[in-house]
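*Asks:* What follows is each chain in one-letter form.
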Amino acid sequence: MHNPLHTLIAIALGLFLGLATAWLALEQNWGFDRVTLGPWIGEPRAGGVDADPYTRALIVQQAQIPLGGGEGVAFNATIDNDGETLRANCTYIVRGSALPTRWWTLTVSDPSGALFTNPLGRHGFTSQEVARTEDGEFRIIISSRVQPWNWLPIPPDGPLRLTLRFYDTPLTTAAGLQKQELPAIRKEGCV
Amino acid sequence: MNRNVITAISIFIIACTVHLAAVLMLPYVAPQDVWTRLAKLGPVGSFYIHSSAAITEAADPNADPAIVMAICRYDLEKAPFRISGEPSLWYWGLALHNNRGFIYYSINNRAIGDHALDLRILTEDDYAAKQQEEVDEAAQEFIVPSPSTRGYVVMRALAPENSSRAQIEETVKKIGCEAYKPAT
Chain A
1 MHNPLHTLIA IALGLFLGLA TAWLALEQNW GFDRVTLGPW IGEPRAGGVD ADPYTRALIV
61 QQAQIPLGGG EGVAFNATID NDGETLRANC TYIVRGSALP TRWWTLTVSD PSGALFTNPL
121 GRHGFTSQEV ARTEDGEFRI IISSRVQPWN WLPIPPDGPL RLTLRFYDTP LTTAAGLQKQ
181 ELPAIRKEGC V
Chain B
1 MNRNVITAIS IFIIACTVHL AAVLMLPYVA PQDVWTRLAK LGPVGSFYIH SSAAITEAAD
61 PNADPAIVMA ICRYDLEKAP FRISGEPSLW YWGLALHNNR GFIYYSINNR AIGDHALDLR
121 ILTEDDYAAK QQEEVDEAAQ EFIVPSPSTR GYVVMRALAP ENSSRAQIEE TVKKIGCEAY
181 KPAT
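If you're matching them up, the sequences are chains A and B in order.
Going by the working numbering, the first sequence opens with residue 1, and the numbers climb by one from there.
Going by the working numbering, the second sequence opens with residue 1, and the numbers climb by one from there.
Hints may contain errors.
Derived DEER-like restraints, expressed as beta-carbon distance ranges [to be verified]: (1) 113/B / 159/A: 36 to 46 Å; (2) 173/B / 15/A: 24 to 34 Å; (3) 5/B / 191/A: 30 to 40 Å; (4) 173/B / 128/A: 17 to 27 Å; (5) 15/A / 116/B: 29 to 39 Å; (6) 187/A / 116/B: 45 to 55 Å; (7) 43/B / 191/A: 44 to 54 Å; (8) 128/A / 12/B: 31 to 41 Å; (9) 180/A / 162/B: 20 to 30 Å; (10) 131/B / 128/A: 53 to 63 Å; (11) 170/B / 89/A: 37 to 47 Å; (12) 21/B / 3/A: 18 to 28 Å; (13) 15/A / 32/B: 39 to 49 Å.
Because the hints were derived from the structure by calculation, they are not lab data.
Here the structure is a predicted model, which means the values were calculated and not measured.
All C-beta atoms in this analysis are idealised placements derived from N, C-alpha and C, irrespective of residue type, glycine included.
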């Protein structure tokens, strides 16, 4: 690097690559505190002072107010149990039974978390209001067309995100979470 | 060594340094900390509802539509703060955030049991001084040192059904969040 121009270009390239990868890391959420359980992705330590630097930067950048470990834990899913992207033109059934938490909520939104407006004002179910079968199992049907039982209305098309939140749960450590079976997301058909 | 290899290594080292610096420093170089950004939503020392039933306003991607979220900003410069009340709710959780927005303490209503909520937020200096005193075992209060002078409390209360939301918002608004005079 005897040529000063050569040196300048090298420095500029280094700066560019460094900033570009930093931006990419936030854009794609490279946080390494993530726990993946089937289609569900959770970040049990998201908001804490001990969260990883990527997660911290992301939370500040997006001005999020995450759940504290003493409160609960949130999981997001943008794919079903077969690994296919969730889309609003399909009908999905989320099926589960007793979950290790005092309360849970299941919410449907677009991938950024924005809720869909609908005449019913329904954006999700809580563990209290969901209808269950006699053996305690619940089935939530996510569809743009009217469904019986636990129906979560969605728009006719577009990408989806499901969010499962546990409140007052012992499952706030990664080790405890790994053993847990979360509700399954199955595709029933598409239009 | 080949000059091109040296150049490539230099670029790589610069890129790594810049990448790490950018990610690590981002929380600290934001033009305003979260505490200041929240100022537009309400004054210091009272809870105000952050997520309302008007769902279309839910700009926070982490907001749960089944949760009533209230925020109270505190400033310990003159006096410690006290969060108190008897929130008779199905579920509530409190998270204490420092001025940068990171949670340093969180608790839910099961930890309080049947007692009324009485949580004191102190500066670390006041907390250290308090540790020297006799601890009153009977006092049903939680005392927490805050790593920053300014911060905020986020309270989440569950509305198990849509119809219960209005009632829960009323209950949450009545929870006290104010500076208090320590009895010394």
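*Asks:* Broken hints, numbered, in rising order?
*Replies:* Numbers 2, 3, 5, 8, 10 and 13 - these are the hints that the structure violates, sorted from lowest upward.
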